[in-house]
Amino acid sequence: MTRLTRVIAPGSDDEPLPDVDMQATLGALTLPNPMMTASGCAGYGRELDQFFDITSIGAVVTKSIMMSPRSGRATPRMAETASGMLNSIGLQGPGIESFMSRDLAWLESRGARVVVSIAGGTVEEYARLAQKLRVSAAVSAIEVNISCPNVEDRGLVFACDPGASSTVVDAVRRNTSPGVPVFAKLSPDVTDIVNIAEACVDAGADGLSMINTLLGLVIDTDAMRPHLAGVTGGLSGPAVRPVAVRAVWQVHQALPEVPILGMGGIRDGHDALEFILAGASAVQVGTTLFNDPMAPPRILGHLQRLLADRGFSRLSDAVGHAHQPVPAPVYSVIDVDIANEPESAGAEG
Amino acid sequence: MAAVQVRGEVLSIRRAGAYHQLTMVAPGIAEQVRAGHFVALAVGGDHSSMLLRRAFSVYRTQDRGVYGGTVEIVFAEHGKGTHWLSRLRPHDVVDIAGPLGRPFALPKESVTCTLVGGGYGSAPLFALAEQLRQRGCRVDFVLGAATEERLFGVLEAKRMSSSVAITTEDGTLGDIGRVTDVLPAIFERTGAEVVYACGPMGMLQAVAELAQHFGAHSQCAVEEAMACGIGVCMTCVLPVVGDDGVTRMLRSCVDGPVFKGERVRWSDVGTIPDDTHGAPVVVPPASGSVGPVGSDNGSVGARS
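These protein sequence lines are chains B and F, in that order. To convert, note that position 342 of the first sequence is 325 in my numbering; the numbers rise steadily by one, no gaps. To convert, note that position 41 of the second sequence is 175 in my numbering; the numbers rise steadily by one, no gaps.
Simulated from the structure, these hints should not be mistaken for lab results. Some clues are possibly wrong.
Some but not every residue of chain F turned toward chain B, in silico, with C-beta under 10 angstroms [as the list claims (entries may be wrong)]:
#1 A280
#2 M360
#3 G365
#4 C367
#5 V388
Covered stretches of chain B (chain F as the covering partner; in silico rule of three or more C-beta atoms under 8 angstroms from a C-beta of chain F) [stated by the list, open to error]:
#6 40 to 54
#7 223 to 229
#8 253 to 261
Each residue gets a CB set at the ideal place from its N, CA and C atoms; glycine is no exception.
Could you put together the complete structure from these sequences and hints?
Right under this line is the structure:
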């Protein structure tokens, strides 16, 4: 554990962590803590294992995997933006066969808990991916990426349509072992995210992941052309966090029993706590990994301290806490004294 | 080798022509660096709005000293991130990840080597030259830049090589022109068997092609835009032909930054060549298919 002591950013120190039960309950799935990597920002775990022990966090969420190998989009694939970035990777990956024999096998041998993110161009592809993964005991949950913005045709983003979302989720749920929860990853680029969330849950989703990136565009003012080869890309990082917290808030309010994985610009424990208070049962760290590959244990420790500071002995008690009505203010004699203060102060001067 | 992330401390920062030379105490990294490795620096402090790491070749290292191992980089100020770096002062803290990437491959025998650096791309070549000379290799340098103040390490190159050729595009030092204008004569004179190059993509392509023409091996360190430097963001890819003859989009941060020059499809950088492993298959749109359900993702990723 020596490498965990080289923690560098704010929100952590070397003092022992306070006693808080950090267990995260996501329907049938229980994780020792609520910290996950976000899909597409952690590869398949191997690179990050140099920087922190990947078995110490709740789960590693893999980069979205498809049936066939995929080259992704042309470069430039990214642009830095204020407190964020735009990416246009286009789901580059080795395909399910290679993923299972090499990457998933490695994660299993390493002892990491794994959430496999899957992406398809058709409903059939999603169903076949789920079938393939059925044989693996290493899969703790499946995250269905129906919301990648980096496809050529926006009409193909399933998460923009409740009917399409529902069809995909239903296909994945029916082809997945009953004990393995299925999470649908939603796009914030919709008019009513609650509508999509309800469609996914009705189709059998055990939980929801929010949010995927927002569709954005950066123009290179020297070239006077779009900066990304793919023209548009997905915006992520702290810049999108209020949008993500809003989405979690709305969906938790409408569907309080449905577990939510919250993500979008989480950089420290306060950010993670916002998501928990808004209704997320666990959190994922994505773009921050590019800035700070040791972030997950740092943020987890910070979150644990913040929960203790606020009197929580269990993480689960804080989930959705911000929805509780504010207690009515109580006026006391002291308030009256303060109200009279200017007069008496003036008399003294 | 395992990359580590450390909170480094600035030991010194000084001007070197048009560039900045930054020396940082980076224990755990310095000891592991080999020529061609790079480091990725977080910029702007702990609460920075600039999230992406900046990657720099390591110029030189000292394993240990009064302050512990040090890592030195050379950079040009050309954006907000490098501007922040240029304002660092001794004792300031820098978050450093490294050593990253694959270093230069060294020849097993004492062969004749030409080292080509464009601008501050020459930075990793001096540690390399030292290692080559220890193996009994002949080392010739070619350094090129737009103008004299954008050359880096001319004196150092002279100290450690058999010959140094200089080119500047404005003729302020050495021959007027580019490194590739003088390279053929050097191949002919020295019979170089290996060329090591670091600099802009266009230069690397020209050097790799010349090396191939003269039957020499080339080792090119590429400069691709990166977000993380550690292999997880997938932004720094370029088309590279593997041992099996198949082109793949490889990450320059973990599969490079040093590639065999003849393996990189230089003219296709910035595109997905049609024969790339996993390249999009162009599917004619099926008539009547509307919306996501049942329609194929016939995306065309390749752009010219």
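### Message
Going through the numbered hints above, which ones does this structure break? Give me the numbers in ascending order.
### Response
1, 7 and 8
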